[in-house]
Amino acid sequence: MDESRKEFWLNAVLLVGLFATPVIAMMIDEPFYVTLATRVAIFALAAVGLNLALGLGGMVSFGHALYFGLGGYVAGIMAHHAFSGMPMVFGLSGSDQMLAIWPVAMLLSGLVALVVGVLSLRTSGIFFIMITLAFAQMAYYFAIGWPTYGGEDGLPILVRNQFPGLNTLQTWHMFLLAYGALVIALAVFAMLRNARFGAALMAIRQNPERVAAVGISPFGIKLAAFVISGMITGLAGAMMADLNRFVSPSMLSWHVSGELIVICILGGVGRLFGPLAGAAIFVGFEVIFGGLTQHWQFWLGLVLLAVVLFARGGVIGIIAGRERHG
Amino acid sequence: MSAMLEVEGLEVFYGASQALFGVSLQVREGSAVALMGRNGMGKTTTIHAVCRMLPVRAGSIRFEGSDITALPSYRAARRGIGLVPEGRRCFPNLTVTENLTAAARPGDWSLARVREFFPRLAERSGQLASTLSGGEQQMLAIGRALMTNPRLLVLDEATEGLAPVIRREIWTAIRALRAEGLSILLVDKTLSEILPVADDCVILERGRDVWRGAPGEITEQIKHDYLGL
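First to last, the sequence lines map onto chains U and V. Take 1 as the starting number for the first sequence in the working numbering and just add one per residue. Take 1 as the starting number for the second sequence in the working numbering and just add one per residue.
Worth flagging that the hints you see were computed from the coordinates, not collected in a lab. Beta carbons: idealized from backbone N, C-alpha and C, even for Gly. It is possible that some hints are incorrect.
[Stated by the list, open to error] Across the chosen pairs, the derived CB separations fall in these ranges: (1) V:E160 <-> U:E209: 16 to 22 Å; (2) U:W254 <-> V:R28: 58 to 64 Å; (3) U:F90 <-> V:Q18: 55 to 61 Å; (4) U:L111 <-> V:G107: 31 to 37 Å; (5) V:S130 <-> U:F8: 19 to 25 Å; (6) U:Q206 <-> V:L195: 33 to 39 Å; (7) U:L111 <-> V:Q18: 44 to 50 Å; (8) U:F8 <-> V:R57: 51 to 57 Å; (9) U:E209 <-> V:Q18: 19 to 25 Å; (10) U:Q206 <-> V:E11: 28 to 34 Å; (11) U:G17 <-> V:D108: 45 to 51 Å.
[Unchecked claim] What the simulated footprint calls covered on chain V by chain U, stretch by stretch (three residues with Cβ under 8 Å from a Cβ of chain U suffice, anywhere in the stretch; the number is not a length): (12) 2 to 10; (13) 61 to 74; (14) 82 to 96; (15) 197 to 210.
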């Protein structure tokens, strides 16, 4: 079987496997695995966002926790105000409707990514990494010192936000939402990558000067990708806050930014289904080794080391070849 | 024919070193101008300055009547200056189609037309640029520049390092573009190939334009003095 077909089938197995996990879990009455699959889908969604910036554009953002946490806080704060009946800023009322929360989470994440991008994309390499990290850490410390919304203790979402036609308190329904969002995000990623936008973004990663010579503004394309990337990760943050029914400054921490990078690397940077493969491995490690030892990250670190040294295409690369196909 | 590109008194520096000392040249609409000279005389520097890839200290560059001296390179390319750089410089980890698509701008030159113009690119559409032969990479570099739908095509050593049979193929393509009325500014060291294509010639010597005229006016003395032949 040639490598492109291998990758196609691997992607199909991942997508069907993720869907089958909660179905089987419900059949054997193990709801824990439904929540676990939802967690994989949401982490994968966040990593799809990062993969657009990191994988296609070569922008090593060490601050995507900013958008993840921001999305989470939008969900938490809007739900908090809907529950209390108190107005938010500018007299706006809160909402416990996901269809209202998600666009706000994406819009705010996009706006913040626009500001961060305008300031950070003028740099590259270590400077870009440090600036993105600095912005996320600023938000992290701001959230810690913001007593209105729980400060360091975080903010509980007392009743999970609602989605028309679904009972979001049922784990299966929550999974369907996360799965649906992931599939849409993957489709958007594939569409962007196969369009002129994606080709230009990948070309910029290889040589920005050469790209400018064919009429493309490297800054404009990178900024657009960075904003879309932030929006997708922001949506994932809003969903994660709803899944956990809790949002805290830890969602903004640099650990989360690192975890998203690790997920992309494990699965395969720039590969369409790399984030899903990476998220499955990451969450799997957390559950399996986390139950055995407190130091499960040590073992994950060894795996990451092996991937970086011997399989730069990640798990997708090991199975389907290092070159990108699907 | 009106001047499409007018370069006047161009001065370019690399740090403290001056590379161009008041270079002037013109490319009339629909004509081909050969920029000639020995190695290191400023041909590529001139081309890079015209394509706005190098800052200009003094002088002016006008394209279709507009001053583009201070424009960034991507804006110059959008105005209609398409560059085929020396050494091909395709995007190695992108496929042939991706290389072409990335550069696409609205106009007559579409992906289908470029594939028709270079059938070999159609055969290799899914292949990574790094896996193409030198000749195919050159076709891709020209195709990529055409995808920007340029009104002025700038070719820097388009046939350098290629086998004779491939060189002939590339020159045939350049002549076809010339016949279509595309304005061309080209650099090449092989006089027997460049002169039949050119309407006008400009010779650079140590960063200065020292001679200009029609290809038929180049005497043996000029060849000896400025081209090392």
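Tested hints:
Between V:E160 and U:E209, the C-beta spacing of about 20 Å keeps the proposed range 16 to 22 Å intact. Take U:W254 and V:R28: their Cβ atoms lie about 60 Å apart, and the range 58 to 64 Å holds. The hinted window of 55 to 61 Å between U:F90 and V:Q18 holds, with their beta carbons roughly 59 Å apart. Our hint of 31 to 37 Å for U:L111 and V:G107 holds, since their Cβ atoms are close to 35 Å apart.
As the Cβ distance of V:S130 to U:F8 is approximately 23 Å, the hint placing it in 19 to 25 Å holds. As the Cβ distance of U:Q206 to V:L195 is approximately 36 Å, the hint placing it in 33 to 39 Å holds. Taking the beta carbon of each, U:L111 and V:Q18 are about 47 Å apart, inside 44 to 50 Å as hinted. A hinted range of 51 to 57 Å for the beta carbons of U:F8 and V:R57 is consistent with their spacing of about 54 Å.
For the pair U:E209 and V:Q18, the supplied restraint of 19 to 25 Å holds, since their beta-carbon distance comes to about 22 Å. One distance hint, 28 to 34 Å for the beta-carbon pair U:Q206 and V:E11, holds here, with the actual separation near 32 Å. Remark: the range hint 45 to 51 Å for U:G17 to V:D108 is upheld by a beta-carbon distance near 48 Å. For the stretch 2 to 10 of chain V, the proposed coverage by chain U is not satisfied: 0 residues have a C-beta within less than 8 Å of a C-beta in that chain, short of the threshold of three.
Evaluation of the coverage hint for the stretch 61 to 74 of chain V: fulfilled, as 3 residues show C-beta separations to chain U shorter than 8 Å, against a requirement of three. Counting residues of the stretch 82 to 96 of chain V whose CB falls under 8 Å from any CB of chain U gives 8; the rule of at least 3 is met. Counting residues of the stretch 197 to 210 of chain V whose CB lies closer than 8 Å to any CB of chain U gives 0, which falls below the minimum of 3, so the coverage claim is violated.
In this structure, the earlier hints numbered 12, 15 are contradicted, and the remaining ones agree with it.
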